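J.: Just need the whole structure built from these sequences, with the hints factored in.
Going by the UniProt record's numbering, the first residue of the sequence shown is number 1, and it counts up by one from there.
In short, the hints are calculated from the structure, not lab data.
Owing to the predicted nature of the structure, the values given are computational and were not obtained by experimental measurement.
There may be inaccurate statements among the hints.
Claimed, not checked - For lysine-lysine, the following BS3-like pairs were computed, each having C-alpha atoms within a straight-line distance of at most 27 Å:
# : residue 1 : residue 2
1 : 13        : 45
2 : 13        : 103
3 : 13        : 49
4 : 104       : 13
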Amino acid sequence: MNEVIRAGEEMRKLRAEMIMVFAGLGWTQERIAQLADMSQPAVSKQMAKRMTDEPRAPVEVSLDQRDVPWLEGRLWGLAEEISETLDEAAHCTRYVNALSRGKKRFTPQSIDELRRLVEEDLRRYRAELSGGHQAAYDEISRGLDLPSNVVTATSASVRRSIASQVQRDLLRT
Numbered sequence: 001m002n003e004v005i006r007a008g009e010e011m012r013k014l015r016a017e018m019i020m021v022f023a024g025l026g027w028t029q030e031r032i033a034q035l036a037d038m039s040q041p042a043v044s045k046q047m048a049k050r051m052t053d054e055p056r057a058p059v060e061v062s063l064d065q066r067d068v069p070w071l072e073g074r075l076w077g078l079a080e081e082i083s084e085t086l087d088e089a090a091h092c093t094r095y096v097n098a099l100s101r102g103k104k105r106f107t108p109q110s111i112d113e114l115r116r117l118v119e120e121d122l123r124r125y126r127a128e129l130s131g132g133h134q135a136a137y138d139e140i141s142r143g144l145d146l147p148s149n150v151v152t153a154t155s156a157s158v159r160r161s162i163a164s165q166v167q168r169d170l171l172r173t
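T.: Here it is as C-alpha cells:
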C-alpha cells in the first residue's frame, strides 16, 4: 500500500515539474494537458500555483544530451513507439506499461531488461520497424554504455519524461 501511495506522490510531483518545464518551453496549456494526461483547467491551476515560485532555468531539449536520465527517457520513448507501431505485440509492451504506471522503477537492472526487450523487438520485427528505430537504439545504447559525469539541475524523472516525449515525436516525423 505504501508503494502505491509513494508512486502517486511521485507522479503528482513529476506532473507539476513537467507542467512548468513545458510551459517554460512555450507549449500551450492544451498540449501540456495531453502530455500529462490532465485536464486543461488542472494544468492552468498548476501553472498559477507555481508562478509564485522562483523562476527556473529552462531545460535544454536536444537529443545529443548524454546524462543517464535523458538516455533512459529516450529508451523509454523508443520502447513506447515500438509497442505502438507493433500494435502492442512487442516484447517490451508489458514492461513499458509497467514503467508508465509506476509499477517498475528506473534502476540499472530495469534499464538493462528494457534494453534486452527492445533489442529482441528490433531483431524480430525488423521488417515492420523503420531504420530510425534501430538508429535511435544504437545511439541510446552507446550513450548508456559510456560513463557520464553530466550533472543537471532538473530532476531525473522530469528529464526522462521530456526525453521520452522528444524521442517519440522525432520517430513520428
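J.: Next, verify each hint and record whether it holds.
T.: Outcome of the hint check:
1. 13 / 45: Given pair residue 13, residue 45 holds - Cα atoms ~14 Å apart, limit 27 Å.
2. 13 / 103: 17 Å, holds
3. 13 / 49: 13 Å, holds
4. 104 / 13: 17 Å, holds
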